[in-house]
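Protein sequence lines correspond, in order, to chains A and B.
Per the numbering used here, residue 1098 is the first one in the first sequence, and the count goes up by one each step.
Per the numbering used here, residue 1098 is the first one in the second sequence, and the count goes up by one each step.
Worth flagging that the hints you see were computed from the coordinates, not collected in a lab.
Possibly wrong hints are sitting among the right ones.
[To be verified] Examples of chain A residues toward chain B, derived with CB under 8 Å: (1) ASN1282; (2) GLN1294; (3) ILE1327; (4) ASP1390.
The structure displayed is predicted, hence computed values, not measured ones.
In this text, a Cβ means the ideal position worked out from N, Cα and C, and glycines have one as well.
Protein chains: 2
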Amino acid sequence: MNENSVGLVRRQYFTFAEPPNEMPLESGEKLGPITLAYETYGSLNREKNNAILIAHALSGDSHAAGYYSADERKRGWWDFMIGPGRSIDTNKYFVICSNALAGCQGSTGPSSLNPTGKRYNLSFPVITIGDMVRAQTHLIDALGIKRLLSVIGGSMGGMQALEWAVEFPDRIASCVPHATTTRLNAQGIAFDEVGRQAIFADPDWRNGNYLDEGVIPEKGLAVARMLAHITYLSEESMHQKFGRRLREKERYGYDFSLDFEVESYLRHQGSSFVQRFDANTYLYITKAIDYFDLKQNYGSLEEAFRHVTAKVLVFSFTSDWLFPTSQNREIVQALQVHRKPVSFVELDSPYGHDSFLIPNAKQEKLVSDFLRTVYDDQMNK
Amino acid sequence: MNENSVGLVRRQYFTFAEPPNEMPLESGEKLGPITLAYETYGSLNREKNNAILIAHALSGDSHAAGYYSADERKRGWWDFMIGPGRSIDTNKYFVICSNALAGCQGSTGPSSLNPTGKRYNLSFPVITIGDMVRAQTHLIDALGIKRLLSVIGGSMGGMQALEWAVEFPDRIASCVPHATTTRLNAQGIAFDEVGRQAIFADPDWRNGNYLDEGVIPEKGLAVARMLAHITYLSEESMHQKFGRRLREKERYGYDFSLDFEVESYLRHQGSSFVQRFDANTYLYITKAIDYFDLKQNYGSLEEAFRHVTAKVLVFSFTSDWLFPTSQNREIVQALQVHRKPVSFVELDSPYGHDSFLIPNAKQEKLVSDFLRTVYDDQMNK
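Just chain A, same shape as in the assembly (with noise of 0.2 Å):
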């Protein structure tokens, strides 16, 4: 195995109450008792200072780093990051990472039961990022850690960062989003309602109530991934993966079987998918990240940025076209305007949106670089 891996990982389970039970919601609803499912990688240190929250994208989970048994061979999803001597140092920091609120691996979502014992399907209040980031300040209380040391996360993850920064500013030292947005633009919410409308076309969607009609909407959440990940996709790197080529086949089939690699690949991402993720979820975290809107919510960005304490790291990546570095560099001026401490780093890859799941030692050393200084800091304070 990995001599710099984490290695072997369980995932655990935290639910909390607010009194009466119940969480207050953005919307005005409540919702309780809420579980999160969580990993946590290192260990904490006495003085509770060295607490890293890692948050995850639309169709991630808690497992970050490690595997779930020996024999596995699949690591979790950002594992080139956190490790023994790696970006996120887990000799250093203690490292969590939970499930999404609404998600579908382990958190309390769509597809969990309410107080009452019934499946909640689309009774499930529409929750937001804010709503997400709060339910994880639960967690990290029952952890006994009063100020994080960084929040980091790409994607949805990286507007949870924010979120954390802007809502949670005595709590967190310093975040790191990775090509992020505070805001979609008309493009992402459209390619976001397209997703959904695929779902709800799909007979066996059943209003929301697949699971317990006993049938899954298999292909109208396969369309809504396989839309979705041309998204994450540059073209570059579609033309570098699969160009034209057919497959497995010298000319064309004149039929509608299959021709060209990409579709393959396109076909397997939806297949495979919709044997890990919810449908109900898919539409519950797309809703939350079309609602994200920090500008709307405190007039303006410099206003929502008046009292982040955090020092910021964004990262962007050239070939990003879903969150390009345009609205990632709204982030460093808005922040620039109080004088925050930010810096900026346009990182070069061809990958697209999905460039900051993919190892990159200049992202790496950068991170690594920060999150030392971040803890130096704090402990010269």
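Mind docking chain B on chain A? Use the hints.
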């Protein structure tokens, strides 16, 4: 009524059959008899050398200009370009536009009846851009036209214009492809494939036999259209048109009904499309687009263009990310290798791929001037 309009027009039909009653296709299959729906505007001159063929895009039809009844407000899809005194001047030129082979607006396609009186459905052969063009040559023959003054079209229409230039160099004096490519890249194929999968996923598609079974795969086709529509617009134009504006509400609905204007717009695009377009035609036409590959057919673009004699004017649009300027420029560069007469104009437009369908004074002027030059050159020969 607008004085520059071609006015009242009607759809005509032309049926042909190569002996023995079938046209050979690129696939090796045969098809026939074939009917093309078409319209003409202006008059063919005595020398029969003032004819211009307009080729439509994926969702277009033969109705390029004018209106079908005096009380109808809707005009043909390129009405602003075609008419007396307009860019493609019907006082001077005889303009023809036919619904593509495999189309669903009067031309023979999967929803047509085969010679035994049954609907083709999926027994319709997979056709190519080359087959579409070959069918058009029969129409041009029947109209007594030996040589077209020009073939003009955008997107898939531009592919047809290029195919004419490459395959029938003696039969066209010029061509004007807009916003097109000589071959889709992997991303373009991927978007088409997701659209097809959305149709396949609809149980009302019935393996292509929906019309015989009295249903329509409305939801699947709507999802395909919504997705495609995003790729026709630019991020910038969507931002300007919709931004994050809510639809008839002050705050988020916290449900899945409808929040954003852009969602409402897309749903409308989807639901109105299914009223006028056939799902199987969508499958066949996207496949023809995916298969188009001048480079593959000839070994290289330079080889493909070796025998071109047409004067070529290529238009691209700055905000078109589906068939970006770089792909249009490849056409120009390959023609320049042979010192062919080619002009290239990248028009500044925020409207994305659909820019060619939106009035643009510069485009109109340049097409008008180009056609006049080609016409005068021909007269002086």
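Interface hint status, ASP1390 of chain A versus chain B (Cβ within 8 Å)
It holds, given that the least Cβ distance between ASP1390 of chain A and chain B is near 6 Å, below 8 Å.
Does the interface hint hold: is ASN1282 of chain A within less than 8 Å of chain B, judged Cβ to Cβ?
holds, 5 Å
Restraint: GLN1294 of chain A near chain B, CB-CB cut 8 Å. Satisfied or not?
GLN1294 of chain A check passes; min Cβ-Cβ to chain B is 5 Å, inside 8 Å.
Quick check on the hint: ILE1327 of chain A CB to chain B CB, less than 8 Å?
holds, 5 Å
In this structure, none of the earlier numbered hints is contradicted; all agree with it.
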